[in-house]
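Enquirer: The primary structure of each chain is shown beneath.
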Amino acid sequence: MKIDIHNYEAFFLDYKEGNLDAAGEKELFAFLEQYPQLKAELNSFEDITLDAEVSFSAKSSLKKAEFSDESLIAYTENLVNAEEKKEIEKLASENKAFQKELSLYKATVLSSDEEIKFPAKSKLKRGGVVIYLQSNPVVLRVAAAILLLIGLFFLVSKMTSDKGSESVQPVLANGDKKEIAVPAKDEKEIVSPEINNNNLAAVNDKKDEVANSSNGSTYIKKDVKNDPPLKSNNAPSLATNTVSTNNPIALANNPQKADSFPDKVSPNTNPLVENSKPVYKSYYNYALDTEKDEDEAAKAPVTASAPAKKTFFQKITNAARRANEFGVKNVNAEESTAKNSVSVGGLVVTETFSN
Amino acid sequence: MTVKEFNTCVDLYADGLYRFILKHVMDKDVAKDLVQDTYEKLWVKVNDLESKNAKSYMFTTAYHTTIDHLRRAKKSERLDFSKHNEEAEKENTNYDLKGLLNKALDTLPEVQKSVVLLRDYEGYDYKEIGIITGLSESQVKVYIFRARQTLKEYLVKAEVTVS
Numbered sequence: 001m002k003i004d005i006h007n008y009e010a011f012f013l014d015y016k017e018g019n020l021d022a023a024g025e026k027e028l029f030a031f032l033e034q035y036p037q038l039k040a041e042l043n044s045f046e047d048i049t050l051d052a053e054v055s056f057s058a059k060s061s062l063k064k065a066e067f068s069d070e071s072l073i074a075y076t077e078n079l080v081n082a083e084e085k086k087e088i089e090k091l092a093s094e095n096k097a098f099q100k101e102l103s104l105y106k107a108t109v110l111s112s113d114e115e116i117k118f119p120a121k122s123k124l125k126r127g128g129v130v131i132y133l134q135s136n137p138v139v140l141r142v143a144a145a146i147l148l149l150i151g152l153f154f155l156v157s158k159m160t161s162d163k164g165s166e167s168v169q170p171v172l173a174n175g176d177k178k179e180i181a182v183p184a185k186d187e188k189e190i191v192s193p194e195i196n197n198n199n200l201a202a203v204n205d206k207k208d209e210v211a212n213s214s215n216g217s218t219y220i221k222k223d224v225k226n227d228p229p230l231k232s233n234n235a236p237s238l239a240t241n242t243v244s245t246n247n248p249i250a251l252a253n254n255p256q257k258a259d260s261f262p263d264k265v266s267p268n269t270n271p272l273v274e275n276s277k278p279v280y281k282s283y284y285n286y287a288l289d290t291e292k293d294e295d296e297a298a299k300a301p302v303t304a305s306a307p308a309k310k311t312f313f314q315k316i317t318n319a320a321r322r323a324n325e326f327g328v329k330n331v332n333a334e335e336s337t338a339k340n341s342v343s344v345g346g347l348v349v350t351e352t353f354s355n
Numbered sequence: 356m357t358v359k360e361f362n363t364c365v366d367l368y369a370d371g372l373y374r375f376i377l378k379h380v381m382d383k384d385v386a387k388d389l390v391q392d393t394y395e396k397l398w399v400k401v402n403d404l405e406s407k408n409a410k411s412y413m414f415t416t417a418y419h420t421t422i423d424h425l426r427r428a429k430k431s432e433r434l435d436f437s438k439h440n441e442e443a444e445k446e447n448t449n450y451d452l453k454g455l456l457n458k459a460l461d462t463l464p465e466v467q468k469s470v471v472l473l474r475d476y477e478g479y480d481y482k483e484i485g486i487i488t489g490l491s492e493s494q495v496k497v498y499i500f501r502a503r504q505t506l507k508e509y510l511v512k513a514e515v516t517v518s
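Chains A and B supply the protein sequences, listed in that same order.
Number 355 marks the last residue of the first sequence (the numbering used here); no jumps.
Number 518 marks the last residue of the second sequence (the numbering used here); no jumps.
In isolation and in its complexed conformation, chain B is listed as follows (with noise of 0.2 Å):
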């Protein structure tokens, strides 16, 4: 990969990641430095990657990185609670739709979060999503069914219309 690719990435790619990343940990200053982190990481194998498999690896990579990080923060467990619970209801204070569906992902596991992540918003296929998550196929199915099946039961529960 040349450094102009390796910029494209960027252009190409840094949205979607941000976007992967706060969705899990809620918070922006952690999400920008676990995707500069994810650069960081493309950065040192930019010489032994095409460009046709960086997103992929950056996607592989930021999911780590991610899982790592909330982990890790879950084991010091002084998550700032009180920050998480603010951007999140900053976040769904209208109670629209998609307010409501954000409100329903943070109900998610990680895992089914990820999933369902990976396939509605950057359209990975579920053989993608098993080498992102290392998951096999059937896995990330039955993970995204339960994931579908926990957010309509929270759309029904707000009792939310849909057309």
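Same shape as in the complex, but just chain A (with noise of 0.2 Å):
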């Protein structure tokens, strides 16, 4: 191609471009004598230059993360050993795309909330003693046997006192409470426990104790026979308490039909009491003769006041012998005069008695 007035520009270009070679500067020299007026526009082209500094400014924005979800989850997660840590921080700090996901991802780290707090700690702890116990059945067998001795014995000292303060302090309907004293021959003799209607309750809790025992009626009059004497000296001992109905304590719950009770109440059929005066035909009765009862206990000839009190051996004798009686194999109990001993498991504990 030969340079012209029409083509020069495509020679300025290949010389700036330094693409020309010697035949061809010659050329376009020979050419720009011809046409002078066209230095000018050579000189200016080599002006005309790009900015080779300028970039785009927002390429990190296009860039896509290196790195997937799960290996900013496991960074989140402190997942990752040092060298990718590295560059998962790297590439965060470099672009600011990856460093926003990565910082969603840090965001969704919960934190404790600490001041939700539980409002009643104090409801929720214990007072008291842990027993650690042994697998071993024996110890096991023993240790129960322990325990429901001592039940028995709390609960015996109490029915025992509570058949006491019966036997002496019958609550009249009227809220009066009137000490008596009923004679020993009268064991047979039903004697009533508090009738007052305010004293229904408990009375009706009695009566569930007793009607959950078959041999309800036996069992109190057992224990009654097996009171120790209250006095040697053979004189009529005191506040005894004896129930012979099977149920006496449902007397009590209708006290305002007390008319239609002495059907219900077995009379004193004992024949080896002489001269026993006649059975209070209720409870509602008893409450009414109690002051007649007052003047002949008044009568009799009085040498003891209260009930002797049973020694403590004596006690945990009774509650053992009623424990064995409950089907408590480990657990026996042998009264007599000579001497009192229980036995639990293997263990036996006698007390003699000197006279």
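Taking lysine to aspartate or glutamate pairs in the DMTMM-like style, the calculated list, with each CA pair at most 25 Å apart, reads: (1) A:Lys-123 / B:Asp-382; (2) A:Lys-106 / B:Glu-483; (3) B:Lys-496 / A:Glu-89; (4) A:Lys-117 / B:Asp-475; (5) A:Lys-125 / B:Glu-405; (6) B:Lys-359 / B:Asp-370.
Just so you know, these hints were derived from the structure itself, not from any lab.
From a predicted model like this one, the values you see are computed outputs, not experimental measurements.
Got two chains here, separate frames each, mind docking them using the hints?
Expert: Here's what the structure looks like:
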């Protein structure tokens, strides 16, 4: 191609870019001699250069994350090794989009709400002690027997004391307490516990206790028979208390129907007891007759004003014997005039009397 | 475990258990009852457990008790949704990051919520979470992964700005 006025720009460009060979350059300079006005154009062409430093400022935002969500979660969960961690942090510092992604994952880590507190911790706390029991069955059986024994002891003690208080302080319907003394010969006599309407709830509880036991009345009678003599000089003992009906407490449930009660109450039929006075027909009548009873009691020779107190060992023996009756085979008890003995498992404790 | 150790467990873990359960049931009274149930169960086992295992035992018990409760509630289905929503709204009215996260947490399935709470609140590792929830370690990881993705997506949608 030969240079002319129509294509000289191509020669100028080749010259500036260094693509023009020597012959071409010679030809270009000869052309400029012909057209000197174009020299200025060639010189100005030199100034037209692009700024190489100018770059696209938002390149990083176009880049795609080199780490997957899994990596970011692993980073959040502290599961990445030191090298991976460094790479992720480096990329995050260079790449804003990546940094935002990482920050969002970091933000998903929940912080505990410390202000939320359980309001009633003290109610959850416990007192007392924990007794460690070995798995040895013999030890467990003995431990169970001892616990039962202790429980029965307190139960029996309570029953005894309750019974004592019932016998000496029945409560009249009007709420007045009268102290009475019932002669021992009237052992089979029905002696009413409290019949005050205000005390019906307590009476009902008692009824349940008796009703739940198939031999409730026998149980109570036996208790009386086994009580030690209240006085050694054969004086009539006081405050004996025996219930001879199968469900005596039921009578107290409807004191307003007292007139219908007498049929349900077993009279004293003990032939051995002579001159026994007529049996009270009902609790209600009993309460009404209390005053008369007091007079008779006052005439009786009184040598003991309170029941004799059992010794601690006697109570234990009694409780143990009952535990045995209730089926606790590991516990046995024997009571005699010479000695009292209690055996729990292989352990036997005996109390002997010197007289 | 002695009584003293039991009572120490009350001091140490009752708040954490309460928070964990409350985040699931969204009802303070129910949460209190379930915490109490958990400690009742611990007391029954007090002779058999060592104190070092008590926390794990309690969270395991609390997790199962809570899930049972939620299943029963869903089955009878007359969950008091109004109360539920009211509680949720009350907690998140400020819409800060924490509030949004709590809201996002409620969108998670129960099992995902549990594993994330155990992880973030109590700092359990995957193995321990697996023992508590009865999941394998890899299942725990999968649930945590999915939970974090869901939480993140929630934050993205809410256009929350995090630094």
